[in-house]
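Put chain U on the given structure of chain S with help from the hints.
Each protein sequence line maps, in turn, to chains S and U. Counting in the numbering used here, the first sequence runs from 1 upward without gaps. Counting in the numbering used here, the second sequence runs from 1001 upward without gaps.
Everything labelled a hint here was simulated from the structure, so no lab data went into it. Hints are supplied without guarantee of correctness; some may be wrong.
Pairwise CB distance ranges, derived in the manner of DEER restraints [said to hold, decoys possible]:
no., chain 1, residue 1, chain 2, residue 2, range
1, U, E1006, S, R65, 31 to 39 angstroms
2, U, A1011, S, S128, 12 to 20 angstroms
3, S, S90, U, S1024, 14 to 22 angstroms
Computed cross-link-like contacts, EDC-like style, restricted to lysine to aspartate or glutamate with a CA-CA straight-line distance of at most 16 angstroms [claimed, not checked]:
no., chain 1, residue 1, chain 2, residue 2
4, U, K1089, S, E102
5, S, K56, S, E164
6, U, K1089, S, E129
7, S, K157, S, E102
8, S, K83, S, D140
9, S, K56, S, E129
Glycine included, each C-beta is placed from N, C-alpha and C at the ideal position.
Read off the chains here:
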Amino acid sequence: MNAPGKWFPHPWLSLLLLGVWQLLVNDLSAGSLIMGAILGWVIPLLTHAFWPDPPKLHRPWVLVRFVFRVLGDILFANFEVAKLILGASSRLQPAFVVYPLELRNEFGIGVLATTISLTPGTVSADVSEDHRTLLIHGLDVPDEQELIDTIKQRYEKPLIEVFECSTT
Amino acid sequence: METAIEWLVAALLLLGSLFALIGSFGLFKLPDFYMRLHGPTKATTLGVGSLVLASMIYFSTTGEVGLHELLITLFLFITAPTSACMLAKAAMQVHAARVERTRGEPWEQ
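Next up, chain S with everything else stripped away, as it sits in the complex (with noise of 0.2 angstroms):
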């Protein structure tokens, strides 16, 4: 009667979800399921107007690679960061970098903002008004154009390859 798109419109949230009810409740029970599963069905009902447009997973395996890089990387950046605010703060080069977005799809951009927020020496601090472009704060930035050609290979590429089905 229902297409399984119309019960199950975020699968991946529902999936989450339950994953989370199941770490929360710490418990892994015949009724535990059950709450996750109900949790996992309802709510993507309920919010499911903040996001008409759920996020496609083309290479979930890429996905999987790219957070593992993230991690290697957030870590990279605990030791990096901390040696730059324990060094000399005269020496940092502190700089506002333009960054030019190819990625279009919505909640890709999203995460690859979190992505630079969670990595070495970068915040990004905002998103412009018709998503073409973001705006990052770099704590030591000897040369702004490196530092677009690394997220733009590093993390950009493998979140237009997951999101958006692009070939490059």
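Just chain U now, with coordinates in the frame of chain S:
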């Protein structure tokens, strides 16, 4: 509990506290608002990460398997960048002072 695990938990706790301390020290030491944003968003993620890992290892040896610490990490990773972004936007709105050698301009929108 085995000695090796005790050492591991202790090392992780120390590492976590050290990074949390450095992150907070950054808040105190860095010269302008935008630079101070970097301390809490990053140096503290590894700090909390190590503490959470230590907690998971410790409680798994007492027979009580606890994975819900992972949620702390997950929520932190979601909320830290969001709050940093909101703080940065608010700072640009009120034209917060920035160090003179900062290159590039914040946006007006």
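Subject >> Hinted pair S/K157 and S/E102, Cα distance within 16 angstroms >> reply: Answer holds: S/K157 to S/E102 is near 9 angstroms, not above 16 angstroms.
Original post:
Taking 16 angstroms as the top limit, are the C-alpha atoms of S/K83 and S/D140 close enough?
Top reply: holds (11 angstroms)
**OP:** Starting from the range 12 to 20 angstroms, see whether the pair U/A1011 and S/S128 falls in it by beta-carbon distance.
**Re:** Violated, since U/A1011 and S/S128 (Cβ atoms, about 45 angstroms apart) do not stay within the stated range.
**OP:** Given the hint that U/K1089 pairs with S/E129, test it: the Cα-Cα distance must not exceed 16 angstroms.
**Re:** Since the Cα atoms of U/K1089 and S/E129 sit roughly 13 angstroms apart, the hinted pair holds (cutoff 16 angstroms).
Original post:
Lying within 31 to 39 angstroms: is that true of the beta-carbon distance U/E1006 to S/R65?
Top reply: About 35 angstroms separates the Cβ atoms of U/E1006 and S/R65, which means 31 to 39 angstroms holds.
**OP:** Would you mind confirming whether the straight-line C-alpha gap from U/K1089 to S/E102 stays at or under 16 angstroms?
**Re:** violated (22 angstroms)
Subject >> Given hint S/E164 paired with S/K56 - CA-CA distance at most 16 angstroms >> reply: Holds - the C-alpha atoms of S/E164 and S/K56 are around 8 angstroms apart, at most 16 angstroms.
Original post:
In this structure, is the beta-carbon distance linking S/S90 and U/S1024 contained in 14 to 22 angstroms?
Top reply: holds (21 angstroms)
Subject >> Pair hint outcome, S/K56 versus S/E129 [Cα-Cα no greater than 16 angstroms] >> reply: violated (23 angstroms)
Taken one by one, the earlier hints fail for this structure at numbers 2, 4 and 9, listed in ascending order.
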